[in-house]
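Each chain, letter by letter, is given below.
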Amino acid sequence: MPQVTLTVNGKKHTVEVEPRTLLVELLRETLRLTGTHVGCDTSQCGACVVHVNGDSVKSCTTLAVMCDGAEVTTIEGLARPDGTLHPMQEAFREYHALQCGFCTPGMVMSAIDLVQKNPQGLSEEEIRHGLEGNLCRCTGYHNIVKAIAAAQEVMHGRRKELARAAE
Amino acid sequence: MNVVTPFEGIGASVRRKEDLRFLSGRGQYTDDLNRPGQAYAWILRSPHPHARIRGIDTGAAAAMPGVLAVFTGKDMAEAGVGGLPCGWQVHNKDGSPMAEPPHPVLALDKVRHVGDPVAVVVAETRAQARDAAEAIAVDYEVLPAAVNMAQALAPGAPQLHEGAPGNLCYDWHIGDKAVVDAAFARAHKVARLELVNNRLIPNAMEPRAAIGEYDRGTGDYTLWTTSQNPHVIRLLMGAYVLHIPESRLRVIAPDVGGGFGSKIYHYAEEAIVTWAAGRLERPVKWTADRSESFVSDAHGRDHVTTAELALDQDGKILGLRVSTLANMGAYLSTFAPCIPTYLYATLLAGVYTTPAIYCEVKAVFTNTVPVDAYRGAGRPEATFLLERLMDVAAMETGIDRIELRRRNFIGSEQFPYQTPVALQYDSGNYHATLDQALKAADWAGFEARRAEARRRGKLRGIGVSTYIEACGIAPSAVVGSLGARAGLYEVGTIRVHPTGSVTVLTGAHSHGQGHETTFAQLVADKLGVPIAQVEVVHGDTGKVPFGMGTYGSRSLAVGGSAMVKAMDKIIAKGKRIAAHLLEASVEDIEFERGEFRVAGTDKKKTLAEISLAAYVPHNYPIEELEPGLEETAFYDPKNFTFPAGCHVAEVEIDPETGRTQVVNFTAVDDVGRVINPMIVEGQVQGGVAQGIGQALLEACVYDENGQLLSGSMMDYTMPRADDLPPVGVATHTTLCTHNPLGVKGCGEVGAIGAPPAVINAVVDALKEYGVRHVEMPATPERIWRIINANRPRMAAE
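In order, the protein sequence lines correspond to chains U and P.
Position one of the first sequence corresponds to residue 1 (UniProt numbering), numbered consecutively onward.
Position one of the second sequence corresponds to residue 1 (UniProt numbering), numbered consecutively onward.
Please note that a few of the clues may not be correct.
To give an idea of the chain U side of the interface with chain P (calculated C-beta under 8 Å), a few residues [to be verified]:
| no. | residue |
| --- | --- |
| 1 | Gly35 |
| 2 | Gly39 |
| 3 | Cys40 |
| 4 | Asp41 |
| 5 | Thr61 |
| 6 | Thr62 |
| 7 | Thr73 |
| 8 | Ile75 |
| 9 | Glu76 |
| 10 | His96 |
| 11 | Gly101 |
| 12 | Cys103 |
| 13 | Pro105 |
| 14 | His129 |
| 15 | Leu135 |
| 16 | Glu167 |
Only pairs whose alpha carbons sit at most 25 Å apart, straight line, appear in this in silico SDA-like list of lysine to any residue [unchecked claim]:
| no. | chain 1 | residue 1 | chain 2 | residue 2 |
| --- | --- | --- | --- | --- |
| 17 | P | Lys17 | U | Thr84 |
| 18 | P | Lys543 | P | Lys565 |
| 19 | U | Lys11 | P | Gln28 |
| 20 | P | Lys74 | P | His91 |
| 21 | U | Lys11 | P | Asp32 |
| 22 | U | Lys12 | P | Arg26 |
| 23 | P | Lys17 | U | Arg80 |
| 24 | P | Lys767 | P | Glu656 |
| 25 | P | Lys17 | U | Ala165 |
| 26 | P | Lys17 | U | Glu90 |
No lab work stands behind these hints, which were simulated from the structure alone.
Nothing here was measured: the structure is a model prediction, and the numbers come from that model.
For each residue, glycine too, the CB sits at the ideal point set by N, CA and C.
Modelling step: build the complete structure from the supplied sequences, incorporating the hints.
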């Protein structure tokens, strides 16, 4: 069986995989990082999004063998070691941008990539367009969009602290 | 212990307690769990909508690598496994019971829809099980299929079940036909509409999954499953399917990734993994692929209706006559029969003083996936029909559509209001929600926006719906008399620990609703315990005494009321302990904000002091009181609750492409007392998104051969972020009069109010094309065809 060496959330792993093993299967079953979810089988829903070498990638349509030597970040790797949440995680909580939580890890990973690649800042319309690869069935996206808009201000250093949601 | 700040109690937008685990990847959904020694199941499903099974050859599959067993329906039937039960019996017009054909766990002689389970492979890995399933040879004799209701009811149609002649499940009615016919005979105007309520596929983001486990040492079975009501699954599967006593069967529904109704039902796969685990003495896990979800999760809606509204010359409604065909799919799902009857026709008065209503419903078997409750369940179908009909009536009488509604509203002085279709509304203020919504949506300024859009080449329209729904289901005696085979109370236990922290055990189940926060707020508010010290436990029959689960927006109205009742018992017992400790009479003890106090004095004991005394009863009225501080209550609601409100949609249509965009959406809902405004707003937004999805995007399509064309997320259009507008949400509160919290429910209002508001706006945008009605979903193709079919006539005019 092929061997893959990859770094996940800062930790190096060398694992044997079947040629058909998907990255999401390696993460969930071999490494037991179950925060990354599988919501569909047609690469539509984005519940499986992780970062591979700094890009958001759908791990359900990525073969594990393609990730040899890669740096992978999953939802479990976002918070600081002391438990401090990433500003995007914090914003999702503050703005009630999650309900059942199943799409949330992929949504957060996509949102971080979207914001990081757009340092100029994103309008509400651009955020909505940027979320095209992620489905949420609970929230209607309204609060997700607000959370991302608030998080980008902190991520780009335009605000020191997250703006509180209106009561 | 700190006395709680008021900010955590009822009315505070407390940030959710559950979010930390979901945001850090530490949720525990069923597929996240693995059991030691676990094997994997893969289910072979029918590729045909209707076929006789001549034989199944499992030999090659059984010899494949890693395969532990292959089971067919015959194996399960021979082992005494029963069929999947139906939880509600509806009666025909003549009083005879509905047709209730058997629903085998794995198909026996016939398959009846694409996706019908035929065999199961259990193997060491999921991939091995899947590979082996492909090696099973099923000899099918393909039969003609009845794909839609018209085909199924036609003479000579293919028959799905021996026990359901003509593919009819039931022919039911409600109301007094003679009175209604008389009302129509004296009508000044009759508005008539034929309409379809489109079939939907719920698509909770988490696919269904189940793990069965058997412990040979104790004889105990455990099932982990993606369910909205684990106790109901335990009851149905234990009693009817696998014949396992409740005491030997534990059902756990851990974190569940959305349900919207589709995870209420007892599904075949739950029984399969539990039974197979017993046979193989290995835990067995099954997780659906999304493609499987499309053909195995219960679908929703699917009505074809003719409706007529009789009006007098002042626009007062005299009567309503409705005839509906409701698709049951191939088998009866757990609650399917009650959806197009008792959750539909009983809502046909809407918010109006309609004096006479008659509705008849034929439920029909077809070779499609079973249909059951999906967010709103019957009430969206009733609301869509009524609110479309009101706009058609306005168009045909020339009375303004807002004015027509106002003339017919039940006045706020008329409560309790008895409708002619069984329900008694307890409270509401329909003028107030309408006024508030029209103001927030700037209804008065719309024509200027229409003109501005016209200059940009866009067709702009505005639409309103004033809806009501019934939830907080339901009084057990009432639903029992209507055919329910269960009681619909809820159970709550309040366990005050020795040092004053609290565990709440509830039979309600949270799969996105934020119960861990809202229920903790109830405890904070009533017992004065900070929510950080309140743990909410749900979804485990091994921990929670009993429960009926979460659906029909019932968790707070019924489950929350059970908690209040249990807390009342805690306070009553606490007062007796306090009276003993403070040497006062029980009547003189007052309880407020976490403290028991002798009235008019500064003598007091905190809840923590009382609970410590209860668990360390050194100085305790031990002769009259048991130690401990834990109480359980069953709450059976006195009535349904009746959330109501007004939704306003504003759309723009691009006449070149037919694409409709919702540009503004305003929801003003009366959901009773609001515990956590942030969560309520989120529930409404999510419901509205699904309502807009139904109105504009979502279409479940079968081809003429019975194959599901919309069988993946590439083909079934779920709303994405850029399909939806920002949604303005506000509430206007009248309290529910019959539950202790005054709450009504908020989970379904969005999906109920939104579709007619959107379609009314679409019809308004297209009014110059002479359009009376547009079917859902109003896709670009559908709109483009309407525009282009009507263009020549416009040009000629």
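Here is how each hint holds up against the structure:
no.	hint	verdict
1	Gly35	holds (2 Å)
2	Gly39	holds (5 Å)
3	Cys40	holds (4 Å)
4	Asp41	holds (5 Å)
5	Thr61	violated (13 Å)
6	Thr62	violated (17 Å)
7	Thr73	violated (11 Å)
8	Ile75	holds (4 Å)
9	Glu76	holds (4 Å)
10	His96	holds (5 Å)
11	Gly101	holds (3 Å)
12	Cys103	holds (5 Å)
13	Pro105	holds (5 Å)
14	His129	holds (5 Å)
15	Leu135	holds (6 Å)
16	Glu167	holds (5 Å)
17	P/Lys17 - U/Thr84	holds (16 Å)
18	P/Lys543 - P/Lys565	holds (19 Å)
19	U/Lys11 - P/Gln28	holds (23 Å)
20	P/Lys74 - P/His91	violated (32 Å)
21	U/Lys11 - P/Asp32	holds (21 Å)
22	U/Lys12 - P/Arg26	holds (21 Å)
23	P/Lys17 - U/Arg80	holds (20 Å)
24	P/Lys767 - P/Glu656	holds (17 Å)
25	P/Lys17 - U/Ala165	holds (17 Å)
26	P/Lys17 - U/Glu90	holds (13 Å)
Violated hints for the displayed structure, listed by number in ascending order: 5, 6, 7 and 20.
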